[in-house]
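A.B. asks: Those sequence lines, one after another, are chains D and X.
Under our numbering, think of the first position of the first sequence as 1, with each following residue one higher.
Under our numbering, think of the first position of the second sequence as 1, with each following residue one higher.
Hints were generated in silico from the structure; no laboratory data involved.
Idealized CB from N, CA, C, for every residue including glycine.
Take the hints with a grain of salt, since some may be wrong.
[As the list claims (entries may be wrong)] Across the chosen pairs, the derived CB separations fall in these ranges: (1) D:Thr160 / X:Asp217: 54 to 62 Å; (2) X:Lys374 / D:Met178: 53 to 61 Å; (3) D:Lys158 / X:Pro191: 46 to 54 Å; (4) X:Gln327 / D:Thr67: 17 to 25 Å; (5) D:Glu77 / X:Thr236: 54 to 62 Å.
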Amino acid sequence: MRTEIKIGGFGGQGVILSGYIIGRAAAIYDNKYSTMIQAFGPEARGSACSAQVIVDLEAIAYPYITTPQILVVMSQEAYTKFSPELVAGGILVTEEELVVPHSLRKDVIHYSIPAMRFAEDLGKKLVINIVMMGFMTAVTKLIDPEAMRKAVIASVPKGTEELNLKAFDKGYEYGLEMLKNKSN
Amino acid sequence: MKADPKGVLTGAHFLDGDHACSEGAISAGCRFVAGYPITPSTEVVERIAERFPLVGGVFIQMEDEIASSIAILGGAWGGKKVMTVTSGPGFSLMMEHIGLAAMTETPCVFVDVQRAGPSTGLPTQPAQGDMMQARWGSHGDYAIIALCPNSPQECYDLTIKAFNLAEQYRVPVLLMMDECVGHMTERVIIPPAEEIEITPRRFYDGPKEDFLLFKPDADLVPPMVKAGDGYRIHVTGLTHDEKGYPHMSPTAQAKLIPRLVNKIKLNADKIIEYKEDQVEGADVVVVSYGITSRVALPAIEQARKEGIKVGHLRLIVAWPFPEKRIQELAAKGKALVVPELNLGQIFYEVERNAYGKVPVTLVPHPGGTVHNPKEIYNAIKSIRHGG
């Protein structure tokens with residue numbers, strides 16, 4: 001089944017790397033197909049930027065996403081701009097302190113995480129996107145967490161693997177915990 | 001001959017089409033690239049610049065596209081496999097040297113990551129508007145080969161093929177990518193070096209005194225030598241004799257130019273490559289290439305679900321054009337639908353070869369994005385009702 005994922009934020013937050021990690025996890029380590037397209041141009045340099053990833057069990061024909069089933073946003077502007085695109089019943093993942101979900105759609109499932117705070121606790125704000133990826137992996141169950149971990153290790157700068165794995169696991173565990181509480 | 005393992009990154013990668021093209025060039029043995037970076041092709045030369053020092057290659061960022069496209073011709077005569085990389089505006093500037101490469105039978109690869117034009121157009125968005133320019137952009141009569149990848153994997157595979165064809169036929173080979181394929185990231189499998197077939201340069205090995213620089217073999221392609229190896233070399237864009245010396249006569253022109261065209265035309269069956277899906281039983285056949293061949297798939301599927309017999313013919317080699325195959329399809333009464341990211345280019349080739357026997361429908365698009373598959377679906381549906 002074709003799943004369309006959009007990651008939104010502002011330039012410099014690691015939006016493109018997040019899309020790359022999801023795609024790489026699916027295509028290289030999780031025996032799926034994936035296609036990533038990044039917003040390219042002035043919008044990718046500071047204001048709302050996005051990465052689009054398609055994950056499927058079959059080869060992917062049409063390369064762009066039209067109605068994402070999963071939206072991950074790390075900035076207010078990205079929330080405002082992209083949340084109307086989310087399909088009804090889709091999953092919305094937001095950064096708790098950077099995004100105030102004004103007029104939150106009632107037809108989507110919303111999860112949020114204070115990823116920036118967790119990243120700061122880990123000593124590096126830069127890993128906010130990896131915390132988000134761990135969280136997304138837990139709440140969407142789209143991609144095998146081990147595949148995601150491998151993709152994180154393979155995609156981050158040498159010497160930062162351990163920090164990034166910690167960031168991933170922090171987000172992942174927070175997500176599992178949240179699911180458990182929701183089901184209780 | 002097999003690829004030099006030194007340059008081959010065997011394994012599964014997650015690469016965009018531009019980077020896959022760079023790796024294809026390195027696997028193919030390319031060791032000289034000159035370019036003037038331009039969106040959306042910049043990533044190709046970025047990766048080349050990073051990787052070449054590790055494999056003994058030389059990359060030069062030239063002052064412009066005119067310089068880039070002639071530098072590679074010099075590199076080829078110096079014995080290297082060579083490539084330049086550009087997009088529409090740069091491609092326009094390179095036309096003179098595509099002609100010079102054809103005239104001097106210099107093996108080389110030109111990569112055009114197409115963006116919407118004309119002029120500077122939409123630098124960051126796709127089109128397929130350079131397809132006729134690829135075939136006819138330089139003045140005079142000549143022939144080239146053009147390939148159309150539709151995925152990062154094919155950007156890798158077809159770049160290798162481009163180098164092999166350039167060596168086999170001694171022509172410029174054009175890799176006609178587009179922004180969508182260039183900036184799309186997918187799994188790319190790079191095979192072990194011993195599984196990658198490489199066409200080596202055909203070097204002359206006869207006695208020096210008998211050597212004629214442009215004396216063709218039976219397949220109309222002359223063997224080559226390297227400048228500096230002690231052979232008499234004279235390379236010119238002027239009409240020349242087999243020695244390579246200018247020969248300003250209709251006789252020399254009549255001997256040389258038809259051969260330049262015929263070495264591709266008469267070998268077309270060996271060069272042409274396309275993929276077909278359910279064409280035999282079809283009433284309508286969609287003819288597509290590059291990114292549009294993927295965008296057409298949901299449209300074809302939708303039409304099939306509704307009981308319409310639709311086939312798909314995807315061009316992998318656009319030039320030389322598969323004239324015979326289109327003529328066969330038209331003779332069998334199959335209506336043809338041609339979606340492309342321009343306002344009609346390959347469509348005219350299809351229409352010409354259909355000889356008015358069947359309806360041929362263009363699904364045009366000015367570029368900037370890809371088609372909505374619905375537009376292609378509507379064309380399939382209306383041609384069926386109309387025919």
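A.B. asks: State for each hint whether it applies.
C.D. replies: Hint by hint, here is what the structure shows:
{"no.": "1", "hint": "D:Thr160 / X:Asp217: 54 to 62 Å", "result": "57 Å, holds"}
{"no.": "2", "hint": "X:Lys374 / D:Met178: 53 to 61 Å", "result": "39 Å, violated"}
{"no.": "3", "hint": "D:Lys158 / X:Pro191: 46 to 54 Å", "result": "26 Å, violated"}
{"no.": "4", "hint": "X:Gln327 / D:Thr67: 17 to 25 Å", "result": "42 Å, violated"}
{"no.": "5", "hint": "D:Glu77 / X:Thr236: 54 to 62 Å", "result": "59 Å, holds"}
Of the numbered hints given earlier, the model fails hints 2, 3 and 4; all others are met.
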